[in-house]
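Kindly generate the complete structure, drawing on both the sequences and the hints.
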Amino acid sequence: MSSQRRSCRSLVNWFYSTLQAVLNGLLTGALYGLIAMGMALIFGVMRIVNFAHGAFLMLGMYATYVLFQSTGISPYYGFPLAGAALFVIGYATYLGLLRPIRGQVDFMVILLTMGLALIITDGVQLIFGADYHQISIPLLSKNIRLGSQISINAPWLVSFAIAAVLAVVLYFVVTHTMFGRAARAIAQNRYAAPLMGINVNQVQAISFGIGSAAAGIAGSLLLPVFYLFPEVGNQFKLKSFVMVVLGGMGSIQGAAIAGLVLGVVESLTSLYWGNEWALAVDFVIFILVLSLKPSGIFGSQRA
Amino acid sequence: MIIAWAGCKGGSGGDSNTIRIGVVTSLTGSNAAFGQAHKNGYTIALEEINAKGGLLGKKVELDYYDDQSRPDQAVQGVSKLVDQDHVPIILGAYSSESTRAIVPVVTQKQIPLIIPTAVADNVMATGSAWVFRICAGSGSFATATLDFLKNNGNPKTLAIVSENTNFGQANNKSMTDASKAAGLDLVDAETYQASSPDYKSLLQRVKNKNPEAVYFASYLLDASTLMRQAEQVRLNPKYYTSAGTGFAAAEFPNSDKGAGKYAEYTFSVSQWLPSAKWKGSADFDQKFFKLTNTHPAYHAIEAYAALVVAAAAIDSAKTTQSQVVRDTLRQINLAETPFGPVKFDNTGQNAHPVLVTQVQGGQYKVVWPPDAAENKPILPTPEWSKRQ
Amino acid sequence: MKRWFFIGMGFFFLLALLVPLVVQSDYTLQILFRVFLFAALGLAWNLVGGYTGQLSLGHAAYFGVGAYSLALFSKAGVSPWVSVLLGMALAVLSAAVIGSVSFRLRGPYFALCTIAFAEVLRLTAKNLPNLTGGDVGVQVPLLFPYSSTKAFYISGVLLTLMVFALTAWIERSRFGYYLLAIREDQDAALAVGVNTSRYKLWILLISAALTAIGGALYASLFLFIVPDQVLAMEISTEIAIVAMLGGAGTLIGPLVGSITLETASEIFKTFFKEANLLIYGVLIVVVVLFLPEGIVGTIANKLRVFKTAPTAPFATPEPPDPEEEAQRAVISE
Numbered sequence: 001m002s003s004q005r006r007s008c009r010s011l012v013n014w015f016y017s018t019l020q021a022v023l024n025g026l027l028t029g030a031l032y033g034l035i036a037m038g039m040a041l042i043f044g045v046m047r048i049v050n051f052a053h054g055a056f057l058m059l060g061m062y063a064t065y066v067l068f069q070s071t072g073i074s075p076y077y078g079f080p081l082a083g084a085a086l087f088v089i090g091y092a093t094y095l096g097l098l099r100p101i102r103g104q105v106d107f108m109v110i111l112l113t114m115g116l117a118l119i120i121t122d123g124v125q126l127i128f129g130a131d132y133h134q135i136s137i138p139l140l141s142k143n144i145r146l147g148s149q150i151s152i153n154a155p156w157l158v159s160f161a162i163a164a165v166l167a168v169v170l171y172f173v174v175t176h177t178m179f180g181r182a183a184r185a186i187a188q189n190r191y192a193a194p195l196m197g198i199n200v201n202q203v204q205a206i207s208f209g210i211g212s213a214a215a216g217i218a219g220s221l222l223l224p225v226f227y228l229f230p231e232v233g234n235q236f237k238l239k240s241f242v243m244v245v246l247g248g249m250g251s252i253q254g255a256a257i258a259g260l261v262l263g264v265v266e267s268l269t270s271l272y273w274g275n276e277w278a279l280a281v282d283f284v285i286f287i288l289v290l291s292l293k294p295s296g297i298f299g300s301q302r303a
Numbered sequence: 001m002i003i004a005w006a007g008c009k010g011g012s013g014g015d016s017n018t019i020r021i022g023v024v025t026s027l028t029g030s031n032a033a034f035g036q037a038h039k040n041g042y043t044i045a046l047e048e049i050n051a052k053g054g055l056l057g058k059k060v061e062l063d064y065y066d067d068q069s070r071p072d073q074a075v076q077g078v079s080k081l082v083d084q085d086h087v088p089i090i091l092g093a094y095s096s097e098s099t100r101a102i103v104p105v106v107t108q109k110q111i112p113l114i115i116p117t118a119v120a121d122n123v124m125a126t127g128s129a130w131v132f133r134i135c136a137g138s139g140s141f142a143t144a145t146l147d148f149l150k151n152n153g154n155p156k157t158l159a160i161v162s163e164n165t166n167f168g169q170a171n172n173k174s175m176t177d178a179s180k181a182a183g184l185d186l187v188d189a190e191t192y193q194a195s196s197p198d199y200k201s202l203l204q205r206v207k208n209k210n211p212e213a214v215y216f217a218s219y220l221l222d223a224s225t226l227m228r229q230a231e232q233v234r235l236n237p238k239y240y241t242s243a244g245t246g247f248a249a250a251e252f253p254n255s256d257k258g259a260g261k262y263a264e265y266t267f268s269v270s271q272w273l274p275s276a277k278w279k280g281s282a283d284f285d286q287k288f289f290k291l292t293n294t295h296p297a298y299h300a301i302e303a304y305a306a307l308v309v310a311a312a313a314i315d316s317a318k319t320t321q322s323q324v325v326r327d328t329l330r331q332i333n334l335a336e337t338p339f340g341p342v343k344f345d346n347t348g349q350n351a352h353p354v355l356v357t358q359v360q361g362g363q364y365k366v367v368w369p370p371d372a373a374e375n376k377p378i379l380p381t382p383e384w385s386k387r388q
Numbered sequence: 001m002k003r004w005f006f007i008g009m010g011f012f013f014l015l016a017l018l019v020p021l022v023v024q025s026d027y028t029l030q031i032l033f034r035v036f037l038f039a040a041l042g043l044a045w046n047l048v049g050g051y052t053g054q055l056s057l058g059h060a061a062y063f064g065v066g067a068y069s070l071a072l073f074s075k076a077g078v079s080p081w082v083s084v085l086l087g088m089a090l091a092v093l094s095a096a097v098i099g100s101v102s103f104r105l106r107g108p109y110f111a112l113c114t115i116a117f118a119e120v121l122r123l124t125a126k127n128l129p130n131l132t133g134g135d136v137g138v139q140v141p142l143l144f145p146y147s148s149t150k151a152f153y154i155s156g157v158l159l160t161l162m163v164f165a166l167t168a169w170i171e172r173s174r175f176g177y178y179l180l181a182i183r184e185d186q187d188a189a190l191a192v193g194v195n196t197s198r199y200k201l202w203i204l205l206i207s208a209a210l211t212a213i214g215g216a217l218y219a220s221l222f223l224f225i226v227p228d229q230v231l232a233m234e235i236s237t238e239i240a241i242v243a244m245l246g247g248a249g250t251l252i253g254p255l256v257g258s259i260t261l262e263t264a265s266e267i268f269k270t271f272f273k274e275a276n277l278l279i280y281g282v283l284i285v286v287v288v289l290f291l292p293e294g295i296v297g298t299i300a301n302k303l304r305v306f307k308t309a310p311t312a313p314f315a316t317p318e319p320p321d322p323e324e325e326a327q328r329a330v331i332s333e
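Protein chains in written order, with my numbering: chain A, 1 to 303; chain B, 1 to 388; chain C, 1 to 333.
Check the hints yourself; a few may be wrong.
Stated by the list, open to error - Straight line, CA to CA, 30 Å or less: simulated DSSO-like cross-link-like pairs of lysine-lysine:
id	chain 1	residue 1	chain 2	residue 2
1	A	K142	B	K238
2	B	K209	A	K142
3	C	K273	B	K52
4	B	K386	A	K142
5	A	K142	B	K207
Note that these hints are calculated values from the structure, not bench results.
Given below as structure tokens:
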């Protein structure tokens, strides 16, 4: 083959590779976005940075795994269970552990969530063992091929769809329901809200529950394409921080879009630089956004 | 007050009716699954030893220290086991990082160390006279693979894919050096962050360089993800080879816990299989299955072998005095253990034979070297689109 | 009252220095070294976190810079102790960079930013094995002519003493007063003319330099380091936890915190084996719920003594103006 044709072919290769990377990034990013939306809701309404968010994701994964192993229900149908379970856990955690220390400095709250994460992670390890678990569903080996160069793995497409629907639902809940309005009111002014007749504790607890449920559902959707072990939540927790900041303080739609952006950035970094740098690039972007536009890319100046 | 407290905490080093052997492994943290495999292997060996009457007329106990998958904790563990519990010998740790960290300490405290699973070559690089390694190292993995390739098609180009940990970097380095010496062209070397959900871009990079052979250094979960996504990316080298571990795990060809059909045709170096012809291998497999309801990976049997060798050394030395035990280890020559023969050379390395296996029909079959081979290798590796 | 306190602490340190005459076990000395090391690190963190109210979760960056400076400069031929000084200088430089970006942020944003910087450092060290040895690791020289845990223990005590004295001095100086003002209400402080950016930066530089010494000592004890050991987020959180649980903003808080947590950790490991992290987590949760000012802080409140610095600073709610709050909550100045 002449060198001209070879370089033309290689250019074409790289074009398709880039396209594929962007596609992969969007698919992964949808899941990231879901996790981040949960954290953004919690942060927006309560200004709590939940270091146990990753542990909640993990719990959702385990719940779905147990469901699958005992009843054969696929995660794509079983995820509401994970969501419900994590809602309850989140709600209880807020009322039982976090509300009592509301008046304290931010870091004590962070510290408590760190302690909670340790308890959950080690507890799960004691119950389920440290060994990895994986499930196998037929959908996993289905790929949708567009031409000879682009392929989309079916499970990721399904999780993208579910995550997108949930994102829209959550946005709707936050903007159009009474609860959503109450939550936004609290986010805007924690002290005036009770004067408007809002039961702050309830709304905050529900918000925490919903945010945690989002993490749990993301865990369910992750189960078929990834694998399960007690520490699985760690990487997602750190990335959530990045996305919440990127998206703008407490902005749910911002977090969702930030998720997509992060997914694509990681994918392109892996393609052009190297997979091992993807996480570092995440943090560099984080720092850049914080230095240049701290209110986030999509952050309004309002909460 | 603090001093008294600290002093009271210290236990005595085992009473006169038991012999306590020190074990450092990762019972919690990111390597906990392997630490547990270690523990199971040790448990089986311990039961066998005590069933035969223990050592020197005394019951044997294991003194575990959990390094929480952190090297600094491993070092602390060695201190505790030696200074506090006065163990005569230490087995461990699990990971190359932790093991590398404890080598200077055991050397300084003059306690023999038997390493069951850490394969990085830097672990043995200090040449300490107190360190013994049962398993083969990353250098042996590379040479065995190249040997196989040379005699089965002799490919000219190679890509290495490894994780960015000590295990991955060590294997990367070993293969880089060995392939250079063998005259191969290393067209690509990729490192990845372990436990990522998406390696497709990385595999695309490898595909764009078009290597004839790819060499992986991965643990089971990433191995499964990589092979599954290799199919999605349609990466079709002539040879999929690997430095064992994930690609040699018992569950790897399994569709429930591993890569399932995507594991087919992959080559791997192997140190042990439940089907190995060594005496006691099948036995160990059965006992392990009875204990845990899963089949053992080589981590468990390496732990088992480490304890067996330690016991043999103490038995032969007729004492638990560390210096004597160490000297006995240097001379030891066990022709038959379920992990094969054990004999340490003058650097403390056991010349454990490295085989090459291929996944054929969902089973590992030894394909190299010829005198140990069960089957011929299936070559060339069929392209993904042509497989069912 | 205060004089008795300092005389008491003097005795404490004197006794601590005499410990190696009595304790021979390497293991115990290592644990005690760890106790004093983290006490020193906690005290150094306390300067920024406790007194100035800037809660950094990325102090591992300075710790790691100290450790790696010792390893890499020595490898290049520089003598070990000079390498430690270079490490301090590099840590100060890092702090200047990190601080200039992070201090513009408030609250959780500041903490997350510090995490990000530390992680970038860790990942860079991990992914550049040709420079740093990566995960394969790099050798660290001995800072003392013989590898004696006793020498390390003593250096740990001395470092703690040094940071303790420094903290006490700062606490009673005008500089310390400015820091407290910044913690209590940064905008009010600014309004009365306190140069908040300058002081925040200075205290971070000091904290970083001290943390770097700790990192170098730690590295030298283990003779060998990898990024996940000295740049890990676990180190950052351990430092912060030691100070917060002991009592941030108090003088002996970090010391008490370190003693409690390090010995608790060892005990849990011995008695609870695999469950040790769970119990540790429970300990943290219990302390946060019932000892909100940290151990020393809560006791001080109850006894109303040791009030060298207000120990309940953080409970004051933010001013209720919503728009400004939203704006200021992310950025400052």
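Each hint, compared with the structure:
Restraint check for K142 of chain A and K238 of chain B: the C-alpha separation of about 24 Å stays at or below 30 Å, so the hint holds. Of the supplied pair hints, the one linking K209 of chain B and K142 of chain A holds, its CA atoms being roughly 26 Å apart against a limit of 30 Å. A distance of roughly 28 Å separates the Cα atoms of K273 of chain C and K52 of chain B; the hinted pair therefore holds under the 30 Å criterion. For the hint pairing K386 of chain B with K142 of chain A, the CA-to-CA distance comes to about 15 Å; that is within 30 Å, so the pair holds.
Simply put, K142 of chain A and K207 of chain B have alpha-carbon atoms about 21 Å apart, close enough for the 30 Å limit, and the pair holds.
The structure shown violates none of the earlier numbered hints.
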